[in-house]
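A.B. asks: First to last, the protein sequences are chains W and P.
Mapping of the first sequence onto the numbering used here: residues 1015 to 1425, in sequence order.
Mapping of the second sequence onto the numbering used here: residues 1015 to 1425, in sequence order.
Worth double-checking, as some hints may not be accurate.
Copies of the same chain look alike in the list, so a pair counts if it fits in one copy or across any two.
What the hints assert, rightly or not - Within a straight-line C-alpha distance of at most 27 Å, the following computed DSS-like cross-link-like pairs (lysine-lysine) qualify:
#1 K1346 with K1393
#2 K1179 with K1355
#3 K1150 with K1381
#4 K1402 with K1362
#5 K1402 with K1346
#6 K1179 with K1028
#7 K1181 with K1028
#8 K1092 with K1381
#9 K1150 with K1346
#10 K1179 with K1402
#11 K1362 with K1028
#12 K1151 with K1062
#13 K1028 with K1151
Keep in mind the hints are simulated off the structure, nothing from the lab.
Just so you know, these numbers come straight off a predicted model, no measurement behind them.
2 protein chains.
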Amino acid sequence: MDSQVSAFASHMAKGAPPPAARFTGFAEYYFIGGNNDPTQIPTEMLAKAAETVIKRDGHLIAIYNMGLGPLGYPPLRKFVADKMQRHRGVTADAANILITTGSNQGIDLVVAAMLNPGDVVVLEEHCYSSSISRFKKSGAVIVPVKLDDDGIVMDDLARILAEQKAKGAPVKMIYTIPTIQNPTGSILPMDRRHRMVELARQFDTIIFEDECYADLIWAGGGPPALYSLAPDRVVHIGSFSKTLAPALRLGYATGDWEIIGRMAALKSDGGTGALDQMIASEYFTTYFDEHVESLTAVLKDKLDCMVEAVEAEFGTHMTLFKPKGGIFLWMKLPDAVDVRKLIAPAAKAGIVFNPGPEWSLLGDGAKSHLRLCFALNSKENIREGVAKFAKVCFEETGIPPRSRNVTNTAG
Amino acid sequence: MDSQVSAFASHMAKGAPPPAARFTGFAEYYFIGGNNDPTQIPTEMLAKAAETVIKRDGHLIAIYNMGLGPLGYPPLRKFVADKMQRHRGVTADAANILITTGSNQGIDLVVAAMLNPGDVVVLEEHCYSSSISRFKKSGAVIVPVKLDDDGIVMDDLARILAEQKAKGAPVKMIYTIPTIQNPTGSILPMDRRHRMVELARQFDTIIFEDECYADLIWAGGGPPALYSLAPDRVVHIGSFSKTLAPALRLGYATGDWEIIGRMAALKSDGGTGALDQMIASEYFTTYFDEHVESLTAVLKDKLDCMVEAVEAEFGTHMTLFKPKGGIFLWMKLPDAVDVRKLIAPAAKAGIVFNPGPEWSLLGDGAKSHLRLCFALNSKENIREGVAKFAKVCFEETGIPPRSRNVTNTAG
């Protein structure tokens, strides 16, 4: 088939990427990606849900959008509305819920509906890398706002909003992950939520609330979504990738019809996959709460394992930002360490991780930070991987000098 | 929830569309959209396939792309390779097959990988409306090539290629639907396929082959895909929307790695929905041939019903382009009739159809053409709808003067 030389290489668009590398499997210690725990997929119950829903509604797949309109499978939208009411304090209306093909599509649609090049957007200084790249691609001007252990520092947000207004370049949108921030894992307290909505009203700014991880909180609950406080100026997205499975491409968006109706008009994918929608809906309508409770316990146990391992291996040389839920741990090495220099030797040892600068707007300012995901990995894999990573780090930088109370030595 | 005035209306991007209209259900005589026949969805067997595959591979959904790389579920890619070999004369390699989230995503990815604004693309003069809009959006310069009852007129293609070359604006890509052309339903004969590949080589042009409907041929088989003749310069896409169901978002693309690898690099949707992939794969690996044979017979029967109805209602006032497969019928009223003027009165009578100008690059030159889809509709609905459409047409234009051998009268 490749006997003749490809004509394609000479016909590509300017700016097209090189061909993807051939997939050769995962690294042994795979600490990246929003993956879940394969042992927590309820295959028997999903199989049963699939059987039931396909026998009942399977004929609908003959028609685009199941013949039910572009917002998605109505029972799934009703489930999302119920879930948001019970867990996120939101009086949601299924008529204003749009099922998206993953929550990244929700980001794409909000960006497409709202942003022109040059519009000013505030992002959290450390932020989900796919969001950063999507906002950058839009041509928006991105202004980072400071984070502390409780999320956005409101005085810094107020400063930015005032300065941008004074400059004649008002902030059009604040994008935030207030509940299990990515990557820091913080939860914005209620008083800051109220302040943030006040500021948004004062400066006539939209809030784009991303609640990708909000269903996975250790303590359960969490303060109500920003959307519940200001449905007139908050657009809210969520995901099933973290509560059920990322290989299903299922997320949702809600807001008033001025935004959701435009997102629906811009959604050009011919609908979100019907069987993914139907099966998730059938299963979660009955089992969501118990599924999430059980999953969260498993995740918390893995986090505890990872925290123990990092503290034992790195001691005081690693600052941990212990997350209040979710599937990842954000941390910082001493300023002397540039984690970008660890990427290659770590890969050689079978370890992949997220270097800080990819999850931050601060560039060099996040050079000592890194993110490790733990949901996919077994506890044994976590312990081994963190130990090997400490060894790589020591060999490259001399840090940490001791691991598990033993002095590190070269070789 | 809408007690406060929405802040969104004043914050939208320049050029954002208005909010979508609220969905209120389908028209009674719904002759648009690439929908299938709900009675032909094998719900029992899909339910069984779902149960089997979820029990076996369901745990994989915990990981993005099922942990198997960005090209898609390997058993589905193997099925596509086998099917293309058996039915389309293609020696395909599953390693070069990319599963796409619907074949429209395949179009988006080829366009993104290959076209910059100003690049010259040849499209068939009557063409799938979503393709037209996607190419227009890319900023490419679109040159229409003539069609006859057998597809692209090769002398016209040769003329365009030579003229564009002489102008210093060579054709970068020919986009074609050679096997069940949309909307004309033609099949490009073998000699023209060879000629087209020769021309593409002579003028160093890429061929983008869209085989969305090629599995639904009345006579079975059909000449081999263009891709089989020139794998070095043809990129090929196909779909499961027509053979199985459009509410699953499943298509595929194949070509050499220079193009497929770039499409994989550009595919930013986090993977194609896993359950849609798994279930389609499990069912089709065993039942594809018998499913398609049975479905095609049902579709042919509906087409015959529609042809009978149109001929009886419109007589010699409608020219039919009888398709060699697929799910739609392209036709033409006398030049005096502008079908765009029939849209509103037809809608009032519960009828929706595709006006020619939406399915053509000729604008006013297709004003008397229209496309009617028949797969979704029962034969009774087809007969009633065509009769009502003839009545609307007569009332608006005086054409047809007689229907089913009875003189039409107003009111």
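A.B. asks: Work down the list of hints and note, for each, if the structure agrees.
C.D. replies: So, going through the hints one by one against the coordinates:
| no. | hint | result |
| --- | --- | --- |
| 1 | K1346 with K1393 | within (22 Å within a copy, 68 Å between copies) |
| 2 | K1179 with K1355 | neither (40 Å within a copy, 50 Å between copies) |
| 3 | K1150 with K1381 | within (20 Å within a copy, 43 Å between copies) |
| 4 | K1402 with K1362 | within (11 Å within a copy, 71 Å between copies) |
| 5 | K1402 with K1346 | within (17 Å within a copy, 72 Å between copies) |
| 6 | K1179 with K1028 | between (37 Å within a copy, 20 Å between copies) |
| 7 | K1181 with K1028 | between (35 Å within a copy, 21 Å between copies) |
| 8 | K1092 with K1381 | neither (44 Å within a copy, 43 Å between copies) |
| 9 | K1150 with K1346 | within (25 Å within a copy, 48 Å between copies) |
| 10 | K1179 with K1402 | neither (49 Å within a copy, 60 Å between copies) |
| 11 | K1362 with K1028 | neither (33 Å within a copy, 48 Å between copies) |
| 12 | K1151 with K1062 | neither (42 Å within a copy, 43 Å between copies) |
| 13 | K1028 with K1151 | both (16 Å within a copy, 17 Å between copies) |
Hint violations for this structure: numbers 2, 8, 10, 11, 12, all remaining hints satisfied.
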